[in-house]
Amino acid sequence: MANAFLSIERLTQKYPDGKGGQFTVFENASFGIEKGEFVCILGHSGCGKSTIMNILAGLSEPTSGVVKMDGQQISGPSLDRGVVFQNYSLLPWLSALKNVTFGVAARFPDWTKQQVEDHSIAFLDKVGLSGDAIHRKPSQLSGGMRQRVSIARAFANEPKLLLLDEPFGALDALTRGTIQEELLKVWSGTDQTVFMITHDIDEAILLADRILLMTNGPLARVAESVEITIPRPRVRTDIVENPNYYAIRNHLVQFLGKRSAELAGQPSEGGETHSPETIRIDKTGGEVSAAPLLQAVKT
Amino acid sequence: MELISENKRAAIWSCALLLVGLLVWEFSISTQQVATGELTEYELLTGAGTAKAGVPPPSEVFVKAWEELSNPFYDAGPNDKGIGIQIGYSIYRVLTGYFLAALIAIPLGFLIGMSSVAYKALNPFIQVLRPISPLAWMPLALFIIQDSEASAIFVIFICSIWPMLLNTAFGVAGVREDWVNVARTHELSAMKTAFTVVLPAAAPTIVTGMRISIGIAWLVIVAAEMLVGGTGIGYYVWNEWNNLDLTSVIFSILMIGVVGMLLDAAFGFVQRRVAYVE
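As they're listed, the protein sequences go chains A and B.
Remember, the working numbering sits 162 above the position in the first sequence when you count from 1.
Remember, the working numbering sits 78 above the position in the second sequence when you count from 1.
Just so you know, these hints were derived from the structure itself, not from any lab.
Some hints could be false.
Pairwise CB distance ranges (calculated) [what the hints assert, rightly or not]:
1. A:237 - B:202: 30 to 40 Å
2. B:202 - A:225: 48 to 58 Å
3. B:301 - A:225: 11 to 21 Å
4. B:267 - A:196: 26 to 36 Å
Lysine-lysine pairs mimicking BS3-like chemistry, simulated, CA-CA at most 30 Å apart [claimed, not checked]:
5. B:198 - A:260
6. B:198 - A:275
7. A:176 - B:198
8. A:288 - A:322
9. A:260 - A:176
10. B:198 - B:142
11. A:230 - B:270
12. B:270 - A:299
13. A:322 - B:270
14. B:270 - A:181
15. A:322 - A:230
Note that CB positions come from ideal geometry on N, CA and C, so glycine has one too.
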């Protein structure tokens, strides 16, 4: 793990609790992400997912611990780490296209105006935005279209690591489905490494190579790393037929419903490192390393 | 009635109100009769036979306005200049004082908006200086600057600085954290962030402050010019009052209103240009 593309080592975040003491959100969290991997992190509110995201983005500093990317310790925000925020964070006085060129021009300062614009238009096209719509202001676009612009802005910058902070949280279920598929389309064919926060189990299974599960806060930790053993390319309607789908889904539901609370609040002993336990569920003929959690419905 | 749009109906009402107002004014004045009949010698001596100086009817004001506006830029000595020249002097003073104020208020407002230490350090001074009537500065300005023209400009400067300063600080402090984070994740320099993110984000608030300031500056210039004298629309009003030429007084009051409206409209236009919908 120490040699992973992105390695998070013994990350700890504490806040003063207002009573002279300290409130530990998470302690000694360690995990790694390989290059080109799509990793989702699932956990209840308050477990520190967003804090981890902000630390990876360089927008806030951990109390202790380091994050290394490509062997280099990160400090502060960087164009190498692109972020898609939950509330889109488009600049409302710029058109959709200008919001993307804004980022591209910052990323590639040597490019001509024409190059910047062509590159931006190409990426807007990939998320299904073209023609008149790209010249509209964010306020004239629907929520789904705004998030598409935000995704285009992040991908157009071709960052080494792409951070998605609940990008579909504010969208209705149908729009969410469409944009998830568009995200997969943009992502496949690149070797873009993606780290995404989500609350949605089905979304995580559809998108991720691996799902990190966090226990409840305070003293949260990344308890498990669940491999998604469903082959790509994945289509929403097809993956539900895969025998692994419900096995994985049930494992996740059990974790979030029960075990995230049971495992919560255990302080680490003697500074032990909390590495997540790898879980591989494969019912297509491979071995099953976790107990099957499918249960017959009693009638 | 449904065939006529709301705007047209409003315009018809405005015209009707204007017409009624002018007619009432006109007829209430022409009923004031000059004393006639036998006059005693005493009455003749005290001027009872001549028409009393009264508020002129609108017809006279129109004649005066036509006369003045058909030749606005004549200059026949210190006490007899065209209305265009007088207004020109006033606008020159307002704009000079105003832009000097903007030059200081907007960068300083940026500083105060971005740094809470700067805000806390400067706030007591702002709170004490802001409520001072700009004309109260006049004696001090006249003594220190020793020049009535520059003193008038200083008074405009001091009255228009506060709304711009406070609105800039408020607008800059209120820029959404997310937008600043967008700038940070794109590795923009502090200057680039200020110009491409903070300035456009705060622009509507800043321009609102500028609009309030220009309104106040135009209110204050009339009073300031009444004090310093020489030229300008404020001096013109006071001079015509001393001449007991109420027709000119009413005409210049109207002109002050029209110019004030145009200045406000110009900033209203800028305000619409920088506005955005979140």
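Hint check results:
no.	hint	result
1	A:237 - B:202: 30 to 40 Å	38 Å, holds
2	B:202 - A:225: 48 to 58 Å	36 Å, violated
3	B:301 - A:225: 11 to 21 Å	60 Å, violated
4	B:267 - A:196: 26 to 36 Å	33 Å, holds
5	B:198 - A:260	37 Å, violated
6	B:198 - A:275	43 Å, violated
7	A:176 - B:198	29 Å, holds
8	A:288 - A:322	19 Å, holds
9	A:260 - A:176	39 Å, violated
10	B:198 - B:142	54 Å, violated
11	A:230 - B:270	28 Å, holds
12	B:270 - A:299	22 Å, holds
13	A:322 - B:270	24 Å, holds
14	B:270 - A:181	41 Å, violated
15	A:322 - A:230	12 Å, holds
Going through the hint list in order, the structure does not satisfy hints 2, 3, 5, 6, 9, 10, 14.
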